[in-house]
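Visitor: What follows is the residue order along each chain.
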Amino acid sequence: LEGPLVRGEDAMIRVTRKIEFSAAHFYHNPSFSEAENQRVFGKCANKHGHGHNYTLEVTVAGEPDPATGMVLDLKELKDILQREVGDRMDHRHLNFEVPELAGQIPTCENIAAAIWKLLEPKITRGTLDRVRLYESPDLFADCTAAESNGGRG
Amino acid sequence: VTKSLKLSLTRRYRFAASHRLHRPEFSEAENVRVYGKCSNPHGHGHNYEVEVTVSGPVDPATGMIANLGDLDPFVQRQVVEPFDYKYLNEEIAEFAENVPTAENICREIYRRLKSFPAARVERVRVEETSKNSFEFDANATETS
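Chains A and B supply the protein sequences, listed in that same order. Numbered according to our numbering, the first sequence spans residues 294 to 446. Numbered according to our numbering, the second sequence spans residues 24 to 167.
For the record, the hints were derived by calculation from the structure and aren't laboratory data. Among the hints, erroneous ones may be present.
To be verified - Not everything, but these chain B residues come out facing chain A in the computed CB check (under 10 angstroms):
hint, residue
1, 27
2, 30
3, 32
4, 33
5, 34
6, 35
7, 36
8, 76
9, 78
10, 86
11, 91
12, 92
These figures come from a predicted structure and were not determined experimentally. Heads up, the beta-carbon is just placed ideally off N, CA and C, and yes, glycines get one too.
Could you build all of it, start to finish, from the sequences and the hints given here?
Guide: Set out below in structure tokens:
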């Protein structure tokens with residue numbers, strides 16, 4: 294192989310780290326009647342709550358540091374995910390115990406957006422590119438910055 | 024400062040169907056050359072997995088881009104019921120003339136879903152087997 298490694302804008306790499314957490318939630322809008330809650334949210338409206346094993350995939354984009362070959366230290370990213378998401382949400386009830394979700398219906402979309410807001414200021418090497426939150430293997434929400442920088446759909 | 028965020032929701036569906044890759048305009052030899060064993064006249068089948076991605080504003084009243092109570096029956100009616108346990112070449116009108124490759128299945132699924140009223144269908148991803156997948160991205164397509 295000849296020539297130097299690609300550097301500059303073309304050298305952007307996406308790094309993804311995964312964590313899992315388990316949490317309880319239910320869907321209820323206090324401004325809806327009981328019948329309306331039932332109609333809109335179906336069995337998710339059960340006030341005793343239910344739970345999921347969530348899988349979170351967090352993608353950070355950036356140019357690898359020439360000295361280390363890394364966009365960021367994955368151990369550091371793992372610690373950030375544990376601190377910001379795992380410690381806040383694992384084995385918690387999302388309706389009652391997570392201030393970042395207060396007043397919101399804890400859907401996949403809203404949880405993904407809340408996680409984005411928690412993580413974005415903490416990522417100091419590279420930039421947060423995507424938060425993907427699986428509620429089950431058949432359902433996930435993606436949160437990205439509105440101004441797309443890499444043409445990602 | 025939080026930049027404005029873009030959210031999408033992706034749901035996975037499944038159907039099993041048979042197909043055959045074959046073009047009547049091609050000679051037999053040409054069909055075999057182009058499509059290989061996929062051209063076997065008796066057809067063959069796959070367990071297809073389909074990811075449907077919708078995007079749009081999150082309704083603050085529900086916390087949702089689209090209610091699965093609306094999306095699931097729509098996809099069921101438009102795609103899963105007509106495709107599941109069918110021979111695509113003969114039982115789906117659009118594949119009478121278009122070869123039912125996974126690429127064309129992606130496009131056909133998008134065509135059947137794009138009128139979903141509650142949110143914008145942004146992407147259709149089809150896994151034909153666990154080893155290959157195909158994506159139709161409405162953002163990258165003029166016909167979106």
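Visitor: Take the hints in turn and mark each one as holding or not.
Guide: Comparing the hints with the structure gives:
1. Because the closest C-beta pair between residue 27 of chain B and chain A is about 4 angstroms apart, less than 10 angstroms, the hint holds.
2. Interface hint at residue 30 of chain B: satisfied, since its Cβ lies 5 angstroms from the closest Cβ of chain A, which is below the 10 angstroms cut-off.
3. The beta carbon of residue 32 of chain B comes within 5 angstroms of a beta carbon in chain A, closer than 10 angstroms, and the hint placing it at the interface holds.
4. Checking residue 33 of chain B against chain A by beta carbon gives a least distance of about 5 angstroms; that is within 10 angstroms, so the hint holds.
5. Hint on residue 34 of chain B holds. Least Cβ distance to chain A is approximately 6 angstroms, under the 10 angstroms limit.
6. The beta carbon of residue 35 of chain B is positioned within 10 angstroms of a beta carbon in chain A (closest approach about 4 angstroms), and the interface hint is therefore held.
7. Below 10 angstroms, beta-carbon pairs count as interface contacts, and residue 36 of chain B has one with chain A at about 8 angstroms; its hint therefore holds.
8. For the restraint placing residue 76 of chain B at the interface with chain A, the shortest Cβ-Cβ distance is roughly 8 angstroms, inside the 10 angstroms limit, so the hint holds.
9. Satisfaction of the interface hint for residue 78 of chain B is found here, the shortest Cβ-Cβ separation to chain A being roughly 9 angstroms, below the 10 angstroms cut-off.
10. Taken as an interface hint, residue 86 of chain B checks out: its beta carbon lies about 3 angstroms from the nearest beta carbon of chain A, inside 10 angstroms.
11. Taken as an interface hint, residue 91 of chain B checks out: its beta carbon lies about 8 angstroms from the nearest beta carbon of chain A, inside 10 angstroms.
12. Taking 10 angstroms as the C-beta cut-off, the interface hint given for residue 92 of chain B holds, the closest approach to chain A being about 6 angstroms.
When held up to the earlier numbered hints, the structure conflicts with none and fits them all.
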